[in-house]
Amino acid sequence: MLSKNARLWLGLIAITSLLSLASSCSKGGDEANDNTGPTEGAGKTYTAKNNEGTISGVVSYNGTAPENKKIDTSADSACTSKSPDLKTEEWVVADGKIANAYVYIKDGTLADGSKIGDYGKWPNMPASATLDQNGCHYHPHVLGVVVNEPISITNSDPTQHNVHFTPKNNPDWNQGQANGAPALVHKLARAEVLVPVKCNQHPWMKAYIAVSKHPFFAITEKDGSYSLKGVPPGKYTVVAWHEGGANGTEQKMDVTVAASGAAKADFTFGGTAMVQPSSWPMLEAITFPTLHNH
Amino acid sequence: MSKGVHRFAVFVACATFFLIIAGANVTSHDAGLATSDWPLSNGQVFPKMVGNLFWEHGHRMVATAVGMLTIVLAFYLQFREPRTWVKRLGWAALGAVVAQGLLGGLTVKLNLPLIVSATHATLAQLFFLITVSLAVFTSKRWIESEPLEMVEGPPVRALCVFSLAMILTQLVLGATLRHSATWDQDLPTPLLVAHICGAVVVTLVLSTTIASVVLRFRSETYLTRPAAIAACLLVVQLGLGLAAYMTRRTSPNDPQPLTPMVAVTVAHVACGALVFAATIVLTLRVFRMVRAKQAEYRLAHA
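Top to bottom, those sequences are chains F and Z.
Numbering-wise (the numbering used here), the first sequence opens with residue 1 and increments by one.
Numbering-wise (the numbering used here), the second sequence opens with residue 1 and increments by one.
Simulated from the structure, these hints should not be mistaken for laboratory data.
Ideal placement from N, C-alpha and C gives every residue a C-beta, glycine not left out.
Fair warning: there could be bad hints in the mix.
[To be verified] Restraint ranges, calculated between C-beta atoms of paired labels, are given here:
#1 148/F with 190/Z: 34 to 42 Å
#2 180/F with 113/Z: 27 to 35 Å
#3 181/F with 190/Z: 36 to 44 Å
#4 81/F with 211/Z: 53 to 61 Å
#5 117/F with 189/Z: 29 to 37 Å
#6 239/Z with 134/F: 26 to 34 Å
#7 63/F with 190/Z: 30 to 38 Å
#8 183/F with 67/Z: 35 to 43 Å
#9 235/Z with 134/F: 47 to 55 Å
#10 180/F with 239/Z: 45 to 53 Å
#11 228/Z with 81/F: 51 to 59 Å
#12 74/F with 145/Z: 45 to 53 Å
#13 2/Z with 179/F: 51 to 59 Å
Construct the complete structure from the given sequences, taking the supplied hints into account.
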């Protein structure tokens with residue numbers, strides 16, 4: 001039987017070992033290039049047949065869009081100086097058209113009977129994407145990538161940021177990034193609609209990254225327009241996702257693309273739903289005297 | 001008995017309460033991962049305290065200070081306290097604060113897994129309990145107290161222990177609830193319902209305990225005072241709980257953690273710690289004063 005002292009030392013060693021193990025297994029480590037999980041890029045290769053078509057349309061808002069909420073950036077003077085009138089970007093609506101809606105082909109069958117999900121490689125796969133932190137908000141607000149596409153994350157602000165991906169289908173990823181630090185590169189190995197991205201340093205910063213197995217997705221422009229090019233002839237379910245509401249909302253439409261045809265799919269959000277005011281009026285942030293500027 | 005030891009123990013308990021407030025601010029501001037490294041913050045001992053790093057690193061600094069104070073207290077007790085079991089409790093407090101620090105580092109390195117974060121929050125409350133107990137044990141009144149006349153009625157010691165157990169269970173539920181969703185996510189309904197039910201149970205059990213103490217020992221302020229304080233804190237805590245629920249329910253619609261939600265949720269955590277502390281003080285004093293006469297009563301009626 002071990003003595004009390006021996007048990008105490010064993011306990012301390014166990015705790016220290018656990019912490020060391022946790023450090024070595026840490027997901028918030030200093031790797032700049034992270035490629036975790038089995039790839040979903042596997043699958044057949046689609047060869048272009050020169051009869052591909054397009055799906056395009058406009059995403060509109062019916063009614064008066066909710067106002068975006070003012071953000072208090074006083075917690076970091078670098079943010080206030082660069083973005084003095086920062087507001088949330090939930091509703092970027094101009095002339096009844098919604099920007100930042102994610103439109104994509106959810107599933108479908110090609111004219112030859114194969115499923116779109118059977119394919120892992122397409123001729124027009126994007127090579128890389130960039131997510132920039134500028135003015136203490138993310139550019140773009142909604143980003144679409146394909147699985148394992150390198151996402152270059154840059155910090156264009158004179159302050160420290162902390163990028164935190166909080167996916168459901170992919171591993172959690174959290175990384176600090178000082179101003180002037182080299183770009184971080186991260187890949188998401190599994191399809192997911194959508195991965196919320198936040199900054200634990202500046203809690204108002206929010207972005208969404210949609211991960212797709214194929215390149216048929218688009219983010220609507222300020223005029224609400226989008227275009228999916230190079231779509232093989234077939235029947236598809238097209239989905240438009242928008243973040244408005246607690247967990248985002250989706251709309252679906254069945255679309256048929258003829259050989260070399262141009263299909264149209266317009267979506268409309270809004271109406272009586274999605275008016276969710278902030279819980280309290282904005283009050284002055286609590287400030288404490290500190291040694292450094294706060 | 002050293003007055004200096006007692007005063008220092010009280011000071012450490014107060015500092016620990018301040019640390020609980022600092023820790024609660026980290027959670028309410030969603031600042032737990034404001035820096036992804038540990039024990040340094042962004043590779044520095046003193047980083048620029050902006051944004052949420054103010055809360056996270058501030059919390060680490062307060063925790064370090066409390067750790068240092070606990071080391072001093074453990075040695076102070078070792079050299080100035082005659083009772084061996086109190087010295088051991090001092091070392092147990094040191095062990096607890098070291099474990100708490102390691103848990104804090106672990107939860108950051110693992111990106112805040114629920115079980116580690118909730119354990120960190122719970123151990124914080126238990127460590128606070130130890131520091132409050134040390135303050136009680138080193139007090140002049142504790143050392144010089146006389147047992148009370150036996151009064152018939154429900155076993156008040158058992159009621160006190162049961163109250164403590166229920167409060168601890170409620171604290172665990174609360175800690176798990178708080179760490180299961182950030183400010184911009186809805187709280188999980190099953191945990192929320194469990195925590196609300198826990199509040200009902202704690203209210204019933206603690207109220208019964210308080211009433212039992214106050215009615216049976218009404219002239220003994222050494223017991224009735226912590227009972228009355230626990231009663232007041234319980235009422236405040238129920239109100240804060242309701243306010244915390246109302247602000248937290250709508251926080252997913254907010255652009256960022258807003259001051260009212262943060263203030264109310266932090267106050268709810270802090271008041272919960274005070275309810276726990278008042279109840280442990282009451283329990284310890286009941287055990288101190290009621291024990292001898294109960295033993296005599298049993299012997300007399302054997």
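Hints, verified against the model:
1. A hinted range of 34 to 42 Å holds for the C-beta pair residue 148/F and residue 190/Z, which are about 36 Å apart.
2. Between residue 180/F and residue 113/Z the C-beta distance comes to about 32 Å, which sits within the given range of 27 to 35 Å.
3. As the Cβ distance of residue 181/F to residue 190/Z is approximately 42 Å, the hint placing it in 36 to 44 Å holds.
4. Against the hinted window of 53 to 61 Å, the Cβ-Cβ separation of residue 81/F and residue 211/Z comes to about 59 Å, which satisfies the hint.
5. In this structure, residue 117/F and residue 189/Z meet the distance hint of 29 to 37 Å, their C-beta atoms being roughly 34 Å apart.
6. Separated by about 43 Å at the C-beta atoms, residue 239/Z and residue 134/F break the suggested range of 26 to 34 Å.
7. A beta carbon spacing of about 36 Å between residue 63/F and residue 190/Z agrees with the range 30 to 38 Å that was offered as a hint.
8. A hinted range of 35 to 43 Å holds for the C-beta pair residue 183/F and residue 67/Z, which are about 38 Å apart.
9. A hinted range of 47 to 55 Å for the beta carbons of residue 235/Z and residue 134/F is consistent with their spacing of about 49 Å.
10. Range check, residue 180/F to residue 239/Z: Cβ separation about 48 Å, and the 45 to 53 Å hint holds.
11. At about 52 Å, the CB distance of residue 228/Z to residue 81/F agrees with the hint of 51 to 59 Å.
12. Between residue 74/F and residue 145/Z the beta carbon distance is about 52 Å. The supplied range of 45 to 53 Å therefore holds.
13. Distance hint check for residue 2/Z and residue 179/F: the Cβ-Cβ separation is about 52 Å, which falls inside the suggested range of 51 to 59 Å.
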